[in-house]
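Q: Top line first, the protein sequences correspond to chains A and B. Its first residue numbered 1, the first sequence is counted upward by one per residue in our numbering. Its first residue numbered 1, the second sequence is counted upward by one per residue in our numbering.
Source of the hints: derived by calculation from the structure; they are not laboratory data. Please read all numbers here as calculations on a predicted model, not as lab measurements. Be aware that one or more of the hints could be misleading.
[As the list claims (entries may be wrong)] Restricting the straight-line Cα-Cα distance to at most 30 Å, the calculated cross-link-like pairs of lysine-lysine (DSS-like) are:
#1 LYS673(B) to LYS222(A)
#2 LYS24(B) to LYS238(A)
#3 LYS401(B) to LYS328(A)
#4 LYS401(B) to LYS365(A)
[Said to hold, decoys possible] Chain A is faced by these chain B residues, among others (derived, beta-carbon under 7 Å):
#5 THR163
#6 ALA340
#7 ARG344
#8 ALA348
#9 LEU351
#10 SER353
#11 GLY414
#12 ALA419
#13 ALA484
#14 THR487
#15 ALA504
#16 TRP532
#17 LEU534
#18 ALA535
#19 ALA556
#20 TRP604
[To be verified] According to the in silico footprint, chain B covers these stretches of chain A (three or more CB under 8 Å from chain B):
#21 104–111
#22 256–263
#23 295–307
The beta carbon of each residue, even a glycine, is placed where N, CA and C say it ideally should be.
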Amino acid sequence: MEQLEQQQAETLGAIADAATPEAVEAIRVAALGKQGWVSALLKTLGGMSPEQRQSEGPKIHAAREAVTVALAARKGALEAAALDARLAAETVDLSLPAPEAPRGSVHPVSQVMDELAEIFADMGFAVASGPEIEDDWHNFTALNMPETHPARAMHDTFYFPDKDAEGRAMLLRTHTSPVQIRAMLKQGAPLRVIAPGRVYRSDSDATHTPMFHQIEGLVIDKGIHLGHLKWTLETFLKAFFERDDIVLRLRPSYFPFTEPSVEVDVGYTVVNGKRVVGGGGDVANGGWMEVLGSGMVNRRVIEFGGLDPDQWQGFAFGTGVDRLAMLKYGMDDLRAFFDGDVRWLRHYGFGALDVPTLSGGVGVKA
Amino acid sequence: MKFSLSWLKDHLDTGSDADAIARKLTALGLEIEGVEDASAALGAFRIARVLTAEKHPQADKLQVLSVDLGDGAPLQVVCGAPNARAGLVGVLGLPGAVVPANGMELRKSAIRGVESNGMMCSTRELGLGEEHDGIIELPADAPVGATFADYLGSDPVFDVAITPNRPDCMGVYGIARDLAAAGLGTLKPVDATPFAGAFACPVDIRIEDAEGCPAFYGRVIRGVKNGPSPQWLQDRLKSAGQRPISALVDVTNYVMLAYGRPAHAYDLAKLNGAVVARRATDGEKVVALNGKEYTLDSTMTVIADAAGVHDVAGIMGGEHSGCADDTTDVLLEVAYFDPARIARTGQALALTSDARGRFERGVDPAFLDAGIELLTRLILDICGGEASEVLRVGAPPLARKTVAYDPALAGRLGGVAVAEDEQRRILAALGFEAAAGEGSGWTVTVPTWRPDVDGAADIVEEVIRVHGLDAVPSTPLPRADGVAKPTATPAQIVERRVRRAAAARGLNEAVTWSFLPEGEAEHFAEGNGGLWVLANPISEDLKAMRPSLLPGLLSATRRNLDRGAASVGLFEIGRRYLRGEAGASDEKLSLAVVLAGEKTPRGWKSGKAQAFDAFDAKAEALALLAEAGAPVDNLQVMGEAGPQFHPGQSATLRLGPKTVLARFGMLHPATAKAFDLDGPVAAVELFLDRIPPKKAAPGFARPHYAPPALQAVTRDFAFLVAAGVPAGDLVRAVKGADKANIVAARLFDDFRGQGVPEGQKSLAVEVTLQPGEKSYDDAALKAIADKVVAAAGKLGGVLRG
């Protein structure tokens, strides 16, 4: 049996020295393979006497166990080393740039229109729309501006040479107010709508572009008065600018389609050379900025809208969407809105996921 | 409308200061655009007496003055004014003072070697007028040493924006009336005591167009002496921003600015026979006071004599018969013209004037006599002469409107309850008369100077604007119970989704002009009745309404590439403007995408930069259509994207053979060239209006679904087909070969070349099969494969071995 011990020692030594998985495998075959020496010894057990088997069996099994364990351990060690070596060879420089996906953007005008829709939806206003190529009846006459009305000339209207089937002159709408008429005619009363969209005036300088965006608001109901208008505009501006210190100043004014008419100023203070909305405008380094035109809907307009002005009354307001965007988000050049400069769009645009919500806030912080 | 505080005080007895007046004007709806006080800049200028004036040793035109400020320490000042002389009392600017006219700060200096301690100033230098021939000469008793600001006295000038409904406030008197009503003082009465005429009006005045000119009052003043008007009158006109011309002209302007009553003074010597208010004849011409010739037509009212037209009635007088320095006899015209006629004539002639602005808004028809008497008094005072009797031809529309008014309406409409006494007070102060009407209501008689007021809402406005809009309390709008209901329409939801989807795909949203150069619009016109082309565009570049969003985006793309952008991915959502029914427009919601420059930049891993190709456009089209709710799996890829696109690299996506939901592909080189674009440009246009609306689901629950128990298996097929067969057709055929089992078919190889006969191609398709109740056995698989091969065979496809 000394031979067994010697063979076992030699085999374990060879396993420890084995440098490759192939060498380990050769040792396994030489020991545990069909022709291996451990297998040969195991086969001798059958020919032994019970006593002999009792004394030799455990030794042979112990040898097999020892070799098996040593083989597995060595094999594992070699494989681990090989994996380490492979991984070391696979090292990459992760400071290299990853593939880039361009970031898109939503235009500030669209973003602000979404914000306005969200705020006004909470107050029960739906979004209405109408054509931009309008007829002069909807754009002027139905808004209490007959042909010779001086306000018509003030509108710097773009005209087409065309007339519609009823002989009405076709033009580019100068304001979103014709949607008031269309909404009343289509939906009747009570009514709460906002109507954002493109409007056109033949005017072009540093602060005016021939195309810009307005939003119109209209409430027609019973018992609506100027106090409701004031509250609505206050509430809207507080929500839009996310400030509780919005102070409005109402000034009597004139629009043919409202009576009484009021212009609405919002107080601001000058901070670092920029106007920041909030606070009363009568403080030092403060002022009032005109932001909205509004008033109680003129009886004639309600009639033109197909409703009975003795039964229904309401208010309307309008303001510039581009201007609201500039006031909130700090752009100072209106012309850049319509240039499509990708640098400007990336800077002033909004992320696809910046969806205005009441719970998350309708504004996007800088 | 500009006027000075002193002018206002002619009509308003008030102790209020300029600041209080300015704030009240804005609160009344007479918006202050600015208050200027010329004296504010003159605090550093002092009244000084010239003691001696010596010739400058080094300069012929300069003098060296010794100037006394009353403190016993005369200053030496160098002066170039020809009128500088000993004894003159003038205005001295000391070092540190800023000259109003040019903003220069005065310094102690040496002028040609002689020390000068200040500057004796001219009228122009102090911003007080145009005179610059010499230094200011004050009366000898002017207080030497006092500041010039104190001497002049502060007389701030208000600049007020008058809304078109308030012709009565286009005169200082009307503004004073509003302020008095608002409690800022007492309105002074107009003194228009009639003059007894010394003789009958010698001019025959006739009205032949009573519609355009219902009333024409005239008076001749003989023996006047025209010339510069007196200082006070010049000061008034200058404060209003007007240039004094001559006394006769200035007087008519003054009465217009003070009372809102335009008038005209003719040089009688230049008139010929009867003066007639009539319609112009077509083609009749007149040279107006602005020196321009106008061609008139028969819709316009004119004042003419036997020789021709002398006045575009109510808008501008004629050059020929205007008053000049040698005028001795004048005919005054104080008339009433129909506002609508004036407006139309003014628009047609594109002629604006202060008179037109007042007549077209409606002057006070009851102020003709007062106007002519005020004018007469001023002319007689300033120019002398002898006045005729007034000849009154026609009659102005004096009927006063009445309005039924319920004082509770102030609260119901205006949102603020105003006590009835206060309402009566306000209305009376504004010239309205409130009498008892039906029930608790009033009958309010409207003053003749308020043509804008014709309904109860107007009365509410008068009451609350004087009462103060600050008093209107904020009142919450009634709101529906519970959480706000969704309000967006399906179309609005689609628009919002597609916008954010496009941004999420890396595209930048642009907003471009709705109007285009006509040529660019023509290039993209759909030919459904022609473009909408403006009659009065602001420029040729902004002339035709866009029939597609692509031209605007292509121009924006070019601007970006010109600025050095390497990659441009822009989109826009907006309307394209087409012709609709009955002469109306048809405005359709569209989305366009333009991809230009590099799709991927050169990279350490990706190698060379890659350009966009038509498949990038296809990917955008399909992804965005899917977000818009289009059934993208059912769309057919067909041709005819349009002549703007590369004929071999563009297509349409159609729902059925006719409904084109989108077109996409590479631009035609001719289109790219037209927009100055180098390099390949991919473009997409989605016609969002054509996507069929989804059937409204009754609720939120989705149809039942449980993932199949058995795993799907894939099989690959390769077919030889003619090179011209669209791969999409083959995939569609394969997918439809056995709808019970085939759930997907995906093309993964398109090979031409070795082993593939000329004129053919090999298309390889991976087919996904989903077993139902039991796994497929060989026979089942073979049956499905046979169907696939048969389906491909209908397109000429032959299974490759």
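Q: Evaluate each hint against the coordinates.
A: Here is what the structure says about each hint:
Restraint check for LYS673(B) and LYS222(A): not satisfied, since their Cα atoms lie roughly 60 Å apart, outside the 30 Å limit. A C-alpha spacing of about 27 Å is found between LYS24(B) and LYS238(A), which places the hinted pair at or below 30 Å, so the restraint holds. At roughly 47 Å between alpha-carbon atoms, LYS401(B) and LYS328(A) are farther apart than 30 Å, so this suggested pair is violated. A threshold of 30 Å between alpha carbons decides the hint, and for LYS401(B) with LYS365(A) the separation of about 56 Å lies outside it, so the pair is violated.
Below 7 Å, beta-carbon pairs count as interface contacts, and THR163(B) has one with chain A at about 4 Å; its hint therefore holds. Evaluation of the ALA340(B) hint against chain A yields a held restraint, the C-beta minimum of about 4 Å falling below 7 Å. Annotation: interface hint on ARG344(B) holds; nearest CB of chain A at approximately 6 Å, less than 7 Å. The criterion of a C-beta within 7 Å of any C-beta in chain A is not met by ALA348(B), whose closest approach is roughly 11 Å, and the hint is violated.
Taking 7 Å as the C-beta cut-off, the interface hint given for LEU351(B) is violated, the closest approach to chain A being about 12 Å. Hint status for SER353(B): violated, given a least beta-carbon distance of 13 Å to chain A, over 7 Å. A least Cβ separation of about 5 Å between GLY414(B) and chain A falls short of the 7 Å threshold, and the interface hint therefore holds. Hint status for ALA419(B): violated, given a least beta-carbon distance of 17 Å to chain A, over 7 Å.
With 7 Å as the threshold, the beta carbon of ALA484(B) comes within range of chain A, its nearest partner Cβ sitting at about 4 Å, so the hint holds. The restraint placing THR487(B) at the interface with chain A holds, with a minimum CB-CB distance near 4 Å, inside the 7 Å limit. Given hint, ALA504(B) at the interface with chain A, holds; its Cβ is 4 Å from that chain's nearest Cβ, closer than 7 Å. Of the supplied interface hints, the one on TRP532(B) holds, with its beta-carbon coming within about 6 Å of a beta-carbon of chain A, less than 7 Å.
With a cut of 7 Å, the hint placing LEU534(B) at the interface with chain A holds, because the nearest CB-to-CB distance is about 5 Å. Taking 7 Å as the C-beta cut-off, the interface hint given for ALA535(B) holds, the closest approach to chain A being about 5 Å. The criterion of a C-beta within 7 Å of any C-beta in chain A is met by ALA556(B), whose closest approach is roughly 3 Å, and the hint holds. At a threshold of 7 Å, the smallest CB-CB gap from TRP604(B) to chain A is about 6 Å, leaving the interface hint in force.
By the rule of at least three residues with a Cβ nearer than 8 Å to a Cβ of chain B, the coverage given for the segment 104–111 of chain A holds, with 6 such residues. Proximity of the segment 256–263 of chain A to chain B, defined as three or more residues with a beta carbon under 8 Å from a beta carbon of that chain, is established by the 5 residues found. For the segment 295–307 of chain A, the stated coverage by chain B holds: 3 residues have a C-beta nearer than 8 Å to a C-beta of that chain, and at least 3 were required.
In this structure, the hints that do not hold are numbers 1, 3, 4, 8, 9, 10 and 12, in rising order.
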